[in-house]
Structure formats: C-alpha cells, structure tokens
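Colleague: In the order they appear, the protein sequences are chains A and B.
According to our numbering, the first sequence is numbered sequentially starting from 514.
According to our numbering, the second sequence is numbered sequentially starting from 117.
Everything labelled a hint here was simulated from the structure, so no lab data went into it.
Here the structure is a predicted model, which means the values were calculated and not measured.
Watch out, some of these pointers could steer you wrong.
Taking lysine-lysine and the DSSO-like style, the derived pairs with C-alpha atoms no more than 30 Å apart in a straight line are [unchecked claim]:
(1) B:Lys227 <-> B:Lys296
(2) B:Lys290 <-> B:Lys225
(3) B:Lys227 <-> A:Lys700
(4) B:Lys290 <-> A:Lys700
(5) A:Lys571 <-> B:Lys227
(6) B:Lys290 <-> A:Lys685
(7) A:Lys700 <-> A:Lys685
(8) A:Lys685 <-> A:Lys571
(9) B:Lys227 <-> A:Lys685
(10) A:Lys641 <-> A:Lys694
(11) B:Lys290 <-> B:Lys227
(12) B:Lys296 <-> B:Lys225
(13) B:Lys225 <-> A:Lys694
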Amino acid sequence: MIEAIRHYSTPADRVNPITKILVAVGLFLAVVLIHDPNHLFHLSLLMLVLLIVLSGVKIRYLVLLTATILFFGLISSLYMIFYGEGTSTLLRFGIVHITEESTVRGVHIMMRGVVLSFFGALVVFTTKLTDVFYSMMQQGGLRPKFAYAFMAAIRMVPIIANEYMTLRRARKVRRPLIHRKYISGYKGFSTTIITLLSQSIRRAYRLGIAMESKGFDDGPRTYYHRTSFSIIDLLFIMLVILTVIFSYQLGQWYSPFATTDAR
Amino acid sequence: MVRKNGLTLTDVLVTVVIALVFAFIYSIWGGVYTALEPLGLHLNQLLYGMWFIAAVVAYLIIRKPGVALIAEFAAASGETIVMLQFDVMLIVYGLIQGLACEIVFAVVKYKSTSLMVAVAAGVAAALSTLPLDWYYGYLGQLATWNLLLMFGFRVLSGALIAGGLAHLLYQGLKGTGVLKLVGQKATADEGL
Numbered sequence: 514m515i516e517a518i519r520h521y522s523t524p525a526d527r528v529n530p531i532t533k534i535l536v537a538v539g540l541f542l543a544v545v546l547i548h549d550p551n552h553l554f555h556l557s558l559l560m561l562v563l564l565i566v567l568s569g570v571k572i573r574y575l576v577l578l579t580a581t582i583l584f585f586g587l588i589s590s591l592y593m594i595f596y597g598e599g600t601s602t603l604l605r606f607g608i609v610h611i612t613e614e615s616t617v618r619g620v621h622i623m624m625r626g627v628v629l630s631f632f633g634a635l636v637v638f639t640t641k642l643t644d645v646f647y648s649m650m651q652q653g654g655l656r657p658k659f660a661y662a663f664m665a666a667i668r669m670v671p672i673i674a675n676e677y678m679t680l681r682r683a684r685k686v687r688r689p690l691i692h693r694k695y696i697s698g699y700k701g702f703s704t705t706i707i708t709l710l711s712q713s714i715r716r717a718y719r720l721g722i723a724m725e726s727k728g729f730d731d732g733p734r735t736y737y738h739r740t741s742f743s744i745i746d747l748l749f750i751m752l753v754i755l756t757v758i759f760s761y762q763l764g765q766w767y768s769p770f771a772t773t774d775a776r
Numbered sequence: 117m118v119r120k121n122g123l124t125l126t127d128v129l130v131t132v133v134i135a136l137v138f139a140f141i142y143s144i145w146g147g148v149y150t151a152l153e154p155l156g157l158h159l160n161q162l163l164y165g166m167w168f169i170a171a172v173v174a175y176l177i178i179r180k181p182g183v184a185l186i187a188e189f190a191a192a193s194g195e196t197i198v199m200l201q202f203d204v205m206l207i208v209y210g211l212i213q214g215l216a217c218e219i220v221f222a223v224v225k226y227k228s229t230s231l232m233v234a235v236a237a238g239v240a241a242a243l244s245t246l247p248l249d250w251y252y253g254y255l256g257q258l259a260t261w262n263l264l265l266m267f268g269f270r271v272l273s274g275a276l277i278a279g280g281l282a283h284l285l286y287q288g289l290k291g292t293g294v295l296k297l298v299g300q301k302a303t304a305d306e307g308l
C-alpha cells in the first residue's frame with residue numbers, strides 16, 4: 514500500500530526499526546524539553562526536509578500530508594490560544610481571551626506535535642510493519658509469542674473492517690423495520706462493538722490454539738526474515754541529533770518569535 | 117492441554133485483537149474527538165476514556181498479569197496499524213496508562229471483576245498522564261477554570277467510559293458465551 518505512493522527507496526529503509534523507535538522516543542523527550550519557539554520552528558522545518566528527502570514518497574502526497582498535520586496541529590492547540598494566561602491582550606470575546614503569550618505558547622505546542630508527526634510519517638513510510646516485530650525478536654529480545662501474536666492480530670484488522678461493513682449494510686437494509694435505538698445511541702454502539710469483539714475473540718482463540726500447536730511459542734528458533742544493526746543505524750541517529758543541534762543554531766540566527774521561552 | 121499460569125500465545129493474541137477492535141472503532145468515530153476540539157472547552161476530554169477502555173475490557177476478560185499493559189500498547193500502536201500514522205506520544209501515553217491500570221489490577225490480585233475495580237482503573241489511567249500533559253501542553257499557564265474543567269472532564273470520562281462502559285461491554289460479552297473460551301478458567305470442566 515505504501516509502496517504504491519513511493520517513487521524511490523532511500524537509506525532510511527535500511528535503518529533497523531528498533532533504532533527508529535528509540536530515536537522517536539528520544540525526539541519526544543527532546544521536544545518536551547525545548548522551550549524556545551524559535552528552536553522548535555526550525556526543527557519542524559528541518560524535519561519536513563528530512564521527510565521529503567528520506568521518505569521517497571511522491572511530493573503531492575507529502576503536500577496533502579503536511580496540510581493535514583498542520584491543520585490538526587492547530588486545532589489541538591486552540592485551547593491554549595483561547596484560554597491561556599497572558600498580559601498583552603489581542604482579542605477578547607466572551608470567555609475567549611487571546612493574548613500574545615498564549616498565542617506563542619499555542620503555536621509552540623502545535624509545533625511540538627508537528628515535529629513528532631513529521632518524524633512519525635518518515636518512520637511509517639520507510640518501515641515494514643512486520644520488520645518491526647522481527648527486529649524486536651532478533652535484536653530486542655522480545656519473546657516470540659508476543660511478536661507472533663501481534664503479527665497475527667494485525668492480519669485480522671481487514672477482517673474486522675469487513676465485518677463492520679457487513680454489519681452496517683445489514684442495518685441499512687433493515688432500517689425501516691427495526692427500532693431506531695438499535696442503529697444510533699448506546700444500544701447501537703454496544704451491539705456493534707459486542708458483535709465485533711465476540712467474533713474477533715472466537716477467531717483469535719481458534720488461531721491462537723492452532724499457532725500454539727504448530728510451535729509458534731517460545732523456545733529457540735530460526736528466522737527466514739533477518740534484521741540487523743549496521744553502520745546506517747549509527748548515521749541515522751547522528752543525523753537526527755545533528756538536526757536538533759543545527760535547528761538550535763538556526764534559531765539563534767533567524768528568530769521569527771520575539772521571545773525565547775514559550776512558558 | 118497443560119494449564120499454564122502465565123500468558124499463553126492465545127491470551128496475547130486475544131488481548132491484541134480486542135485492542136485492535138477498539139482501535140478500529142476509534143479510528144472510525146475518532147472524528148468526533150477532533151470535532152469537539154476547536155472550542156477549546158475540553159469537551160473532547162469527555163471521550164478521553166475511550167483511549168484506555170481496551171485495557172480494562174481485556175483485563176475483565178482475561179484477568180492475568182500484563183494483559184492491561186499489552187492491551188494498552190496494542191491500542192496505542194493500533195493507530196499506526198489501522199491508520200498508518202505513527203505517533204510516539206500515543207505509544208508513550210498508552211504505556212503509562214496501561215501501567216496505571218495494571219497497578220490497580222495488581223492491588224486486587226487479578227481476581228475481581230467488579231464495577232468498582234473497572235472504575236478505579238479508569239480513573240487511575242485518566243490521572244496517570246496528567247503530569248506529562250502538564251509539561252507538554254503547558255497546562256500550568258492555562259486559566260484556572262479551564263484547567264479544572266479539563267481535569268474534571270477527564271476523570272469523569274475515565275470513570276464512566278473506561279470504567280462503566282467497559283464493564284457493560286464485559287457483561288454483554290459474557291452473555292454471548294464467548295468468554296468461556298479465554299482467560300483464567302474458574303473451573304476446569306467449563307465446557308467449550
């Protein structure tokens with residue numbers, strides 16, 4: 514599915530999934546600790562550059578993605594812009610009180626989300642989901658039963674989706690015949706979810722028993738798909754660290770925000 | 117078959133599937149969450165409990181150590197799996213919330229399936245991520261009434277959705293008879 518919208522493969526494909534996840538966690542911590550909006554501004558720009566260069570995704574999809582990320586980022590920071598504390602008022606409308614400080618803080622929170630979303634998108638575009646679990650087993654020491662359970666469950670998602678659609682269509686056809694409460698409201702919700710859950714549990718149980726009896730359990734095993742660490746992992750970590758440091762330097766050089774502390 | 121006390125592959129698989137069902141439902145109805153956001157009045161927090169309902173439901177069904185944590189991790193990464201959207205924040209939050217539920221369940225020694233335990237776990241999970249939100253979202257700099265509103269809505273949602281609704285769903289599932297297949301079997305002769 515992802516391969517369809519990519520037009521070339523990049524070195525980021527060969528980075529071990531564990532490295533990517535650890536770097537993502539590190540980036541999360543770094544972003545929480547950054548209080549200078551100028552630093553974060555340049556970091557989000559550089560992350561966008563990394564996404565464009567390293568993901569290999571066709572540009573029109575990236576434009577769409579960037580627009581979505583910015584839009585949802587803005588929405589999720591509105592609470593701070595509207596109700597944050599501050600002294601220099603820009604606009605007062607009923608309970609809404611927009612100040613200069615709260616706006617900067619709101620934009621800062623938005624940029625935090627944007628940085629993480631860009632990096633997250635890069636990871637999704639360059640990683641095969643099954644490789645995550647293979648490398649967690651082979652390099653991360655995860656017990657095979659957990660990894661195989663996850664992989665099997667992932668394969669069930671399309672079935673769940675299918676079942677949901679069937680359920681919806683069935684309701685649509687019967688709409689004139691049944692009471693409204695079975696379609697909307699709590700009853701509608703619980704009948705949908707209990708049906709989906711009970712079917713999925715049954716299926717998972719059958720599959721689980723079959724997998725256990727075929728030896729997808731713990732114990733020493735060999736792998737057809739192999740993942741490993743290489744020099745590229747080191748380069749990837751260095752690249753992200755350098756990006757964070759470089760964006761700080763850029764923030765000193767060109768500061769779109771007057772303040773250096775969003776708090 | 118030899119009875120094992122730890123988690124078997126089947127237990128893990130059932131847990132993950134439960135979490136993914138919730139992740140799927142959430143990704144369909146998640147638009148509501150976003151639609152409630154622009155007002156900034158934290159109405160979206162009323163649905164906050166949906167994030168960790170999976171942990172409570174999975175625990176009520178399987179009742180083994182570690183289930184809540186796995187369910188929460190799976191529900192958080194479910195977004196990546198279902199929507200192809202990788203968000204580290206979600207996974208970090210999910211792990212913390214799962215851990216909070218896990219602590220509550222450990223206190224009752226993984227035995228009780230009462231409504232109170234579910235509610236307690238929901239509230240614990242709702243409270244667990246506040247410190248992180250405090251730093252990430254600069255909540256200290258928010259107008260006090262707004263902060264209290266958010267706080268109240270979140271705890272209420274944890275209790276009602278992750279606690280109450282989860283328990284209702286558990287009762288419903290019990291009615292279907294599917295729970296005889298999984299989890300801690302009370303009696304060995306409970307047939308299939």
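Colleague: If you check each hint against the structure, which ones fail?
Modeller: Hint check: 5, 8, 9, 10 and 13 fail, others pass.
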